[in-house]
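K.L.:
Could you build all of it, start to finish, from the sequences and the hints given here?
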Amino acid sequence: MDLPSPAPTRPPADARVVVLGTGGTIAGLADRPDQPLVYRAAQQGVDVLLAALPELQGLAIEHEQVAQLDSKDMGAVVWQPLLARCAAQLARPEVSGLVLTHGTDTLEESAWLLHRVLAPRKPLLLTAAMRPASARGADGPVNLLDALRLAADPAAPPGVALVFGGELLAPRGLRKLHPQRLSAFAPGPQGRLGELYGGRLRRPVPPPGPVPVDEPPLGLDPAGLPPAPWPRVEVLASHADADGALVDVLCAHRPADGRPLAGLIVAGTGNGTLHRGLAAALARARAQGCVVWRTSRLPEGEVIDPEAVDAGGQPLADLARPMAPDAPLPCIALSPWQARVELVLRLLAQPGGRRPG
2 MDLPSPAPTR PPADARVVVL GTGGTIAGLA DRPDQPLVYR AAQQGVDVLL AALPELQGLA
62 IEHEQVAQLD SKDMGAVVWQ PLLARCAAQL ARPEVSGLVL THGTDTLEES AWLLHRVLAP
122 RKPLLLTAAM RPASARGADG PVNLLDALRL AADPAAPPGV ALVFGGELLA PRGLRKLHPQ
182 RLSAFAPGPQ GRLGELYGGR LRRPVPPPGP VPVDEPPLGL DPAGLPPAPW PRVEVLASHA
242 DADGALVDVL CAHRPADGRP LAGLIVAGTG NGTLHRGLAA ALARARAQGC VVWRTSRLPE
302 GEVIDPEAVD AGGQPLADLA RPMAPDAPLP CIALSPWQAR VELVLRLLAQ PGGRRPG
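Every letter in the sequence shown is one number past the one before it in the working numbering, and letter 136, counting from 1, is 137.
These are calculated hints, taken from the structure and not from any lab test.
It cannot be assumed that every hint is accurate.
Derived SDA-like pairs: lysine to any residue, alpha-carbon spacing no greater than 20 Å straight-line [stated by the list, open to error]:
no.: 1; residue 1: K73; residue 2: L237
no.: 2; residue 1: K177; residue 2: G76
no.: 3; residue 1: K123; residue 2: G160
Ranges of calculated distance between the beta carbons of each label pair, as one might list FRET restraints [to be verified]:
no.: 4; residue 1: H254; residue 2: P180; range: 27 to 33 Å
no.: 5; residue 1: T270; residue 2: P34; range: 39 to 45 Å
no.: 6; residue 1: V78; residue 2: A253; range: 23 to 29 Å
no.: 7; residue 1: S135; residue 2: Q58; range: 21 to 27 Å
Built from N, CA and C at the ideal position, the CB exists for glycine as well.
P.N.:
As structure tokens, then:
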């Protein structure tokens with residue numbers, strides 16, 4: 002049961018929302034309006050997206066194009082300046098909130114990055130689309146409009162969240178679960194934070210279940226992060242017939258910049274279990290100083306380590322340091338993709354900012 006929606010609120014006269022654009026399907030163009038799957042992402046600037054929304058009259062809006070790419074190509078080369086620009090805009094007292102347009106493919110990773118580094122006290126709302134801007138039934142305009150109205154509302158909850166399909170979703174555990182469906186995202190353990198109707202937020206009553214306690218702030222300066230490349234962390238999965246060949250290849254490989262493998266996220270079966278064929282190779286990787294975390298490849302639930310007092314709350318600061326090859330593998334209560342971002346950030350927070358040890 003929901004409480005009645007609150008009366009509409011108006012932002013202060015001098016409040017303004019800043020929109021940061023990074024491209025994605027929301028800025029894409031289809032060759033034919035009736036063929037929404039045949040399109041080119043990141044074709045329109047954020048200024049064009051805003052100009053298509055006459056409902057924004059009366060809202061003070063600024064915009065900035067931070068990047069213009071298909072989010073499948075997202076990475077540290079964009080994240081580093083994006084974090085710096087978000088931090089700078091959030092520090093402005095006249096800014097009531099930020100809206101970030103983003104592609105859906107890696108949005109859950111960017112959301113976790115922003116949440117963990119910035120932990121903003123103002124709304125930082127990501128939004129996106131499953132259909133390009135020129136397609137019939139494009140979902141981007143209403144998603145963007147909802148995000149802008151919420152960011153301008155003094156009653157909006159602070160922090161990073163996704164505005165998508167009329168819902169407000171927390172970053173922890175956020176996952177894209179469908180390649181075409183308009184309701185492509187599923188919430189994590191916090192559930193849905195609320196629903197949006199005409200830009201007005203209705204929160205569920207009672208609120209979603211227990212909210213997982215995040216680690217303390219990482220202490221990373223968004224403007225002082227090193228330029229790309231960041232520590233090299235890869236993701237692999239346990240599966241039938243899995244062996245250690247891929248682990249050995251990843252450890253031996255050196256990209257052009259010479260970075261060694263700093264970390265591995267292993268998406269285990271079920272409750273984070275690993276094929277015995279992987280064990281020896283992972284021990285070898287750890288002996289070389291590679292940090293190995295395990296999580297689950299399942300789309301729902303979190304890994305629970307029966308040998309740990311509180312597996313979901315292990316101190317990640319300690320887990321980002323090399324461990325003995327025969328020590329139990331830490332299990333992390335995040336998706337493989339968000340766990341990778343977390344480990345990269347933990348390695349950046351280590352002295353030297355590249356690799357532990």
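K.L.:
If a hint holds in the structure, say so; if it does not, say that too.
P.N.:
Hints, one by one, checked against the model:
1. K73 to L237: holds (18 Å)
2. K177 to G76: Holds, at about 18 Å.
3. K123 to G160: holds (6 Å)
4. H254 to P180: 27 to 33 Å: The hinted range 27 to 33 Å holds for H254 and P180, with Cβ atoms some 30 Å apart.
5. T270 to P34: 39 to 45 Å: holds (43 Å)
6. V78 to A253: 23 to 29 Å: With Cβ atoms ~25 Å apart, the hint holds.
7. S135 to Q58: 21 to 27 Å: For Q58 against S135, whose Cβ atoms are near 23 Å apart, the range 21 to 27 Å holds.
Comparing the model with each earlier hint shows no violations; every hint is respected.
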